Amino acid sequence: MKPALLVFLVLCLVPGLALAGSHGRDYVPGRILVRFRSGTGAAMQQQAVQTLGGHLGPHIAALHVTRVNLPAGTSVAQAVKAWSARPGVAHAQPDFIYRPLDTTPNDPDFGQQWGLHNPRYPGDDIHAPQAWDHVTDCSDVLVAVVDSGINYTQADLQGEMWNGGSSYPHHGYDFVAGDNDPQASDGAGHGTHVAGIIGAAGNNGTDTAGVCWHARIMALRALGISGGTTSTVAQAVNFAVSHGARVINMSLGGSQYDQVLKDAIDNARSNGVLVVAAAGNDGADDDSSPTYPCAFGDDNIVCVAALDQSYGLASYSNYGAKTVDVGAPGSTIVSLWPGSPLTGFQSWLSSSTSQGNWGVIANSCTSSSQTYILADPSGTWCAGGTSTSSNDYIYHDYGFASPSVLGIGLQYEALYTTEGGGTGYFNAAYKAGGGNPFDPINPGTQLDHETGSTGNTARAFSDDLSGCLNQSSCTLGFQMHTSSAAPSHSGAVVALEVLRSIQDSNATQTESGTSMATAFVSGIAAMLYAYNPHFGYRDVITAIDRGGVADPALAGNTVSGRAADAMGALAYIQAPTGIKASVH
Amino acid sequence: MRASARPGAGHRAGVARRKAYLACAVLAVLPLVLAGCGGSSGGGAAKHTVRVSWNASPEAAVNSTGGGYHVFYSKNPAFQPGDKGVGEADVPFRAGAGQAPTSTTLDLGSGTWTIRVQAYSALTPPGGSGGSTSALSTPVQVTVP
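Protein chains in written order, with this note's numbering: chain A, 1 to 584; chain B, 1 to 145.
No lab work stands behind these hints: they were computed from the structure.
Remember, predicted model here, so these are calculated numbers, not experimental data.
There may be inaccurate statements among the hints.
[Unchecked claim] The calculated BS3-like cross-link candidates involving lysine-lysine, where the alpha carbons are at most 25 Å apart (straight line), are:
1) B:K47 to B:K75
2) B:K84 to A:K262
3) A:K322 to A:K262
4) B:K84 to A:K580
5) B:K84 to B:K47
6) A:K580 to B:K75
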């Protein structure tokens with residue numbers, strides 16, 4: 001009987017074992033564990049080895065077993081059978097493999113992080129707990145976040161930042177301000193949110209868990225609170241490349257082809273750096289209305305669309321059968337925030353600085369969720385009244401003397417109709433040190449200056465208030481200014497948030513967008529690099545694209561038709577290459 | 001290392017393999033059928049050693065416990081691994097090695113053989129079970145005199 005046939009016959013007689021071991025996945029191939037009966041001496045053990053082949057490995061005294069290394073080509077099933085039948089052997093078995101099962105972190109907000117694990121729609125997530133069975137630490141992989149700055153003191157990030165040495169002691173660079181502190185000095189939370197998705201410290205009992213529980217994040221501030229420019233964004237990309245980043249997260253986009261930024265992306269490609277970019281939030285087809293850098297077409301770019309909680313394409317998400325690679329969780333994403341904002345107008349109620357017709361009124365006539373709004377004229381604004389006062393303004397004093405305040409910004413929504421003929425305007429301003437920001441002799445710093453009418457649709461504004469940092473008194477105000485003696489105008493501020501970046505913040509926030517989806521993919525990319533030290537960016541992109549989970553909502557809307565998946569990407573294997581066969 | 005030729009049972013799904021083994025166990029009492037179930041490397045003709053090699057997979061899971069490669073071979077150039085008569089050599093990662101082996105030898109009889117390699121690992125993708133496998137490599141052919 002041929003040897004191969006003998007092997008086959010043994011396998012046929014123990015089908016269960018043959019099944020379990022068919023690919024060596026449930027036990028260690030090439031060895032078994034043997035427990036000899038007491039009194040079985042070394043000579044008898046060696047005799048068994050000489051008869052059956054292989055050699056004795058280490059004896060594990062605590063378990064009363066000896067490891068037997070099998071000769072090449074011997075199956076574990078065959079060996080267990082043969083060794084079990086030997087005199088002096090009490091027991092033989094495979095060396096089974098045990099693995100952790102679905103690692104779950106203890107972070108208090110983990111239950112809200114549906115993108116990692118979705119209890120409401122099981123499976124509509126990146127299968128993070130399964131992936132965490134295999135890798136949670138991505139700290140060998142430097143991920144650059146080109147964004148609005150990061151509150152690197154956030155409790156869940158302060159241990160996950162890049163060590164830039166003495167040249168970059170604040171973990172990155174600020175290309176907006178031109179200094180080495182990429183703190184979110186304008187209070188903008190976007191970059192902190194994105195960074196948290198990628199690498200918030202996991203299983204530390206604080207806030208959220210990142211896709212990576214341990215990360216190395218480089219903070220590159222390229223966006224002010226109102227956006228960035230070619231120079232800030234392209235410089236940030238080049239900085240990331242020259243300082244060792246392997247992944248660049250670009251949760252940003254523009255509609256114009258930009259050769260300078262393209263050159264920076266090309267430079268990243270030449271240096272083997274992966275760029276993960278957002279598809280955009282216009283609900284548009286990127287194939288016909290490109291968003292850059294997604295649309296540059298470099299093969300080191302992964303372009304990401306956003307999915308909602310049931311893995312539908314988010315209504316705001318851009319898509320593109322030729323230009324958008326994958327989808328990822330993007331809607332109602334809970335992640336880190338630089339600090340809790342000061343919201344609304346309650347504090348303005350006690351203000352004694354109201355001037356002219358402005359006033360704080362109960363919000364009974366707008367769709368804003370604010371309890372109070374600022375209105376001019378306060379008495380009749382809701383009824384459509386107009387002011388005939390020539391120079392109305394209101395301001396309120398905020399104090400930001402605390403050294404724990406690291407950044408300040410402003411977001412508000414306003415409705416206004418200025419004096420006809422373009423001679424009147426709506427103004428927003430602040431004054432460091434306090435006092436009237438609209439004082440004609442000693443004015444404050446103007447933030448916004450608008451003419452015309454918003455109609456009934458509130459307009460949103462974002463402003464940098466970092467000039468108020470370390471000021472015990474800093475006034476913020478709004479003005480309706482006219483040039484005529486008897487004008488007709490009206491205005492209202494219907495929502496207001498004073499953004500703050502706070503030392504050691506443990507704030508979180510829910511945000512939606514392809515920016516968030518992009519960060520999930522960057523986290524998966526970091527995970528892949530961490531687990532597979534020999535991967536290049538093409539390997540990472542292949543694993544993300546082909547290891548994703550097929551999603552009908554993405555079929556025809558993306559290149560892959562798949563949702564990026566951490567476990568799927570880890571498990572994905574490329575077909576072997578370079579096959580050669582020769583007769584000897 | 002030298003791998004043993006194994007019968008052409010289903011290689012992907014464990015259930016398929018179980019059925020194949022059960023079927024073969026029943027058939028094992030019939031020598032004529034048994035020969036047909038297991039013989040896949042060239043019958044009684046003189047055999048030659050064929051060395052098969054491939055590039056190392058970049059995936060760490062292939063090069064760690066539970067990972068490795070399958071080498072499939074058949075005289076049918078359009079074979080699929082589950083087809084009757086397809087031989088398989090398992091080339092697993094072995095503890096202590098830096099990576100899974102990237103070559104093996106087969107004892108094949110005369111004729112033209114088609115060989116394809118598949119990588120596998122213990123990592124299971126969502127919705128899967130029992131690990132994962134790659135697509136089959138591009139086939140190569142070798143003629144044994």
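Here's how the hints hold up against the structure:
1. B:K47 to B:K75: holds, 14 Å
2. B:K84 to A:K262: Given pair B:K84, A:K262 is violated - Cα atoms ~54 Å apart, limit 25 Å.
3. A:K322 to A:K262: holds, 18 Å
4. B:K84 to A:K580: Holds, because 24 Å separates the two Cα atoms, which is no more than 25 Å.
5. B:K84 to B:K47: OK: B:K84 and B:K47 at ~20 Å, within 25 Å.
6. A:K580 to B:K75: Distance of about 17 Å is within 25 Å: holds.
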